[in-house]
Structures are given as structure tokens and as C-alpha cells.
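Engineer: Chains as they are written, first to last, in the working numbering: chain A, 1 to 417; chain B, 418 to 612.
Calculated directly from the structure, the hints in this document are not laboratory data.
Just so you know, nobody snuck in bad clues.
Residues from chain A shown here face chain B by an in silico Cβ test under 7 angstroms; the list is partial:
hint: 1; residue: Leu20
hint: 2; residue: Ile22
hint: 3; residue: Val30
Just so it is clear, CB atoms sit at the ideal spot from N, CA and C, and this is done for glycine as well.
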Amino acid sequence: MKRIIFLLFLAYEFKADLVLEITESASKPVKIAILEKNSNSLSGQEIINVISNDLKRTGEFKVLGMDELLSIPMNESEVIQRDWLLLDVDSIIFVEVQNEDNNLDIAYSIFDISYNETEDKRRVLGLPDSLRQSSHYVSDGIYKYFYGIEGISSTKLMYVTRNSDTHKLIISDADGFNEQVLLKSNNSIISPAWSTDAKEIAYVSFENNRAQVFTQNLATGKRNLVLSSKSSVSSPAWSPDNKDLAFTSTKDGNSEIYTINLKSKKITRLTENLAIDTEPAWSPDGKNIIFTSDRSGSPQIYEINVRSKLKRRLTTEGNYNARASYLGKNEIIFVHRSNINFNIAKLDLGSRTLEVLTSTKNDESPCIAPNGNVIIYSTKDGNLSYLAGINISSKVSFKLPALYGELKEPAWSPFLR
Amino acid sequence: MMKWLTALFFSIIVHILIFLSYVLFATESVEKTTRKITNVNFLDDELQVKEEVRERIKSQEKSVKKEDPEDLKETKNKEIENLQEYLKEEEMQKRVSDNADVIEQISYKVIKDIEALWIRPNSAKAGMFADFNLSINRLGIIENVEMKKTSGDRAFDRAALNAIRKYRQIKYVRNLDDQTFQAYFSNFTLRFRPE
Chain A
1 MKRIIFLLFL AYEFKADLVL EITESASKPV KIAILEKNSN SLSGQEIINV
51 ISNDLKRTGE FKVLGMDELL SIPMNESEVI QRDWLLLDVD SIIFVEVQNE
101 DNNLDIAYSI FDISYNETED KRRVLGLPDS LRQSSHYVSD GIYKYFYGIE
151 GISSTKLMYV TRNSDTHKLI ISDADGFNEQ VLLKSNNSII SPAWSTDAKE
201 IAYVSFENNR AQVFTQNLAT GKRNLVLSSK SSVSSPAWSP DNKDLAFTST
251 KDGNSEIYTI NLKSKKITRL TENLAIDTEP AWSPDGKNII FTSDRSGSPQ
301 IYEINVRSKL KRRLTTEGNY NARASYLGKN EIIFVHRSNI NFNIAKLDLG
351 SRTLEVLTST KNDESPCIAP NGNVIIYSTK DGNLSYLAGI NISSKVSFKL
401 PALYGELKEP AWSPFLR
Chain B
418 MMKWLTALFF SIIVHILIFL SYVLFATESV EKTTRKITNV NFLDDELQVK
468 EEVRERIKSQ EKSVKKEDPE DLKETKNKEI ENLQEYLKEE EMQKRVSDNA
518 DVIEQISYKV IKDIEALWIR PNSAKAGMFA DFNLSINRLG IIENVEMKKT
568 SGDRAFDRAA LNAIRKYRQI KYVRNLDDQT FQAYFSNFTL RFRPE
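The following block holds chain A by itself, in its conformation from the complex:
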């Protein structure tokens, strides 16, 4: 909607206060170029590559290649504004690798073309062998400068892979690189989940031929057996204060939602129903849990208050809605069947508006990036399952490299800084 407001209209003096209101924005990306300052080093090129790929993957940046540039300034003083205005470039990012005590620090500055001056100057302190991670921090700094919310390039992903009979629990960078195997087993590993402080993880392992919930400290590698049951146990979810885990168990006959206090080991039963209740996820304030239940005859999303145990049904559209998680306070995302396809959908709890976000066919296990703007999920193309993602604001979708026969249950880490 365009609106023109004439606030004050004084006919006598022919004077008016004109207020023009801008309500819609361009759907085009921010156009930038990334250059190394005063040098042309190998490490500089590597950094530029990582940052370029991070920013391109968001769909919210257009990063110009060297062959597209009219001039290549070595530093801010060599920038010929006219050249860059012709290319309609917003900013030039100058990066500089600085070797401090064998740690590679990255200094970067954002040179704004329309202002013709440097607008932001920062430095990322490097750690040994962490050039990629430092570059991801630079990407996040640039993202925040332009889009106002935290970038997620420096966060981690956790997922489960399976090649023949080998199951692996893996943590990688958000771009799929730098994989580290946390657990290798001949039996299934399911439902990995991050604690909200990113210090610990929880998962279900069948390594002892029955479902057991473990927590594992990421710094020390120490594992703790939290729950062991002959019956089925799945979907551990950390409460926002990391004191409790919500989980699904069939210990009382059929699948119900429980919470366990990690200190006292006290188990509280939340649901009591003949139907299947599963896949719990906490609300950001820790007061409610959403879960999937087929009590109405088809899988639908319900919300339960942890204290009062009052329940309400959240999804009504379609005959398959499952695996939900909160997106902020007022929205949830989940797997939704539309026609014959399983897609990731978003539901606004206030307006009840349902939006299908993905266009792939067999989507499952959606998880949300800590900035709330990217969703990653596993999907299938023939026999190959891989991780795909979608940026909510730019609607750009992307794929992560598929290296395994089966890759599923991604879990996105919280911010690591």
C-alpha cells in the first residue's frame, strides 16, 4: 500500500507538510564485492571464498565475482565511486589477514558506496586452525550490519547418517563442512538435540539393544545415561533452562509425553490418552510443550501447558501435521501433507494463516536456525536423502552437500558466542 499523507494543509500560505510513507521494500539482494586489502594472499582468497559462499547461501546477498568488477581497489582510498555506482554496488567489504602470534585474525571494513566512506570496521580474533570458523564470524558480522539480525554461518549442525550398517552422530559447520563424529554405532541413533547453552547434547541410542537417552558434554565428551527403558523412548527435548528434558515413552502402555528433571531424575507424565502422543518441543518461555497426537484420528499438533496440563489443538488444516517446533512465540513450523507431498509449513498462531514453505516432496524433521530465519530439513530424492534449507525472508532454498546414503534428523545449534 502506498500512502501519501498531507499532514498540514494551509491554503492561505500555500504551505504544506508533505509526508511520504514507504511501506514496501525491494525483494532484491544487497549487492557487494569482497576484496582483500593491500594484499593478494592464499589465506585471503580462502577467507573470501568462505564468506562469499556463506552470504550467497542466504539468498540475501549478490556477491560480485572479480571478473564482474570495473576496477579493483587495494584499499578504501583507491575506490572510484563512479565505477561502483555504475555496477549498482551497495558496499565493498575489505578483508585483511593479520598474523598475531601464529593466530590468523581477520580485520574487515564495510565501505559504503553511496556515502563513499567506511561505515563499519571490525576484527575477528583467530584461534589456531580456525580460519574457516573466523571467516564464518566475519560473514555473520556482515549479515548483521545489513539485515539487523544475527547471522548463522558460525553455528553448527548435528545430524545422523547411515552408511550400510554404520550409524554416525555428526556435528558440522552450518555450511556442511568440518564434520566431527560424536558417536559411531552399529545400532540406530535417533533424536539428537542441543541444550540451549550449546554445551551439551541429548540423543537416543540403541547401542545396548534398547532405547536409552544419553546426554553428552561437548567439551569433555562425557556421556550420562539419563533414561533406560525396555519400552520405546524417543524425542528428548531440552527445556529452555536446560533443567528438564521432555520425551516420548511407551512405558505406561502407549506413547505419552513426559518430562524428566535432570538433577532429581523425577519423571512427570503430561499426557494421558489412548492415542499416540509424541515429538515434544518446548515453547521459548518454557511454559508450554507442543506435540503430535493422533487423538482426533489423524496426526495433528497440540499444545499443553506444563503446569496446568491444559491442552489445545493448534492445527486444523489437512490430515497430516507432525514434528512441530516453535518459531518465536507466535508461530510454529511442522511437516504438513498437502495433496500427496510432505512439505514444511508455517502456522501463525494468531491469524491462523498456514504457509507451505518448501517445494520438495518428501520433507521431514524441520529444525530452525537460532536467528529464526532459516529452516533446515531432510528430504529425499530417489534413494538419496540429503539436507535442504530455506531462508524464510528471502524464500531462497539451498541444498547441503550429500555425502551419505541416508542423512536425517538435523538439529541446529544455538549461537555459539
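Use these hints to put chain B onto chain A, whose structure you have.
Structural biologist: Only chain B this time, still in chain A's reference frame:
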């Protein structure tokens, strides 16, 4: 004989019926005519108006007769002054309304142009807005941009300011007359308010 009497009787009855029906219809049409004629409000009004006009003319004639020639001159001058003022005002209003269309057209174009340049940050939330005061010269070149109200979000303010900076010149104001330009576009407010 009986036959003739019966025929006569029926004939009389038929004639009476014809007479009655004629009387009935005739009365109806008379009433209708009466209604038409008695619809006197309008006629009365017209008469009244005419009479009022006549009376006014008479009284004016009387008052003119009573007034001095000097007073008459003054009144006439006043009337002329009022008329001139009225005409001036009318002309002004016409120009304002003519200009309103042009102003609206230019405003619409400016909004469209800036919307194409504004890359809204993800931190933008409903209800958030930032106001900028723009000073432009006669060629439409934006000479000064001043933030009147911050949105409270750095990225939001920066993105809005960047869109204005990129715009640089409002070419559409070149053909405006000086008065309208001064009144509306030499100094105006741009509000960035995402929906």
C-alpha cells in the same frame, strides 16, 4: 307477456349497473383530478418565493432611496472588494486542487522509486518506523537528509538512509512551478514504515 316483463326487468338492472359503474369511475377520476389540483404545496412555495422576491425588491428600492449617495459609493466599493477577495480565494483553491493531483502523482513516483531501492532488514517489525527530513534543491538533488525520528534499530535506520542516498535526485520536480515546489518539495518528510 311474462317474457317481456322479465326482459324489461333485466334490462333495467343492466342499465342501473352501467349507470352505477359510470358513477363510480367518474368519481374516481374526479378525485384523481382533485388530488392533482390540491397538490398545492409546490404552487404555494413558488408563489411565496415570488412574493418574497417582490418584497425584497421593494424594500431594497426603499433603502436605496433612503441612503446617501456617499454611503452607496462605500457599499459598492466594499462589495467590489469582497468580490475580488472571493475571486482570489476561488482561484487559489482551484490552483491548490489542480496542484494536489500533480503533487500526488510526483509523490507516488517518488514512493515507487524509493521502494525499489529500500532493502528492508530482517530486524524490521510491524509498527516500527523512521522519519527523515529531506531538503532538495530546484533541480531535485537531495541536498540534506536529517533523521527526525529513529526506529530504534540501527540496521533499519541505515537501510532507509541508504535508500535515500541511492536515490540522490527527484527529477520529477523540475517541471513544477516555483511556488508549488517551495510549498511541498523543497522540504518534506519520508517515513519508512514496513507493513
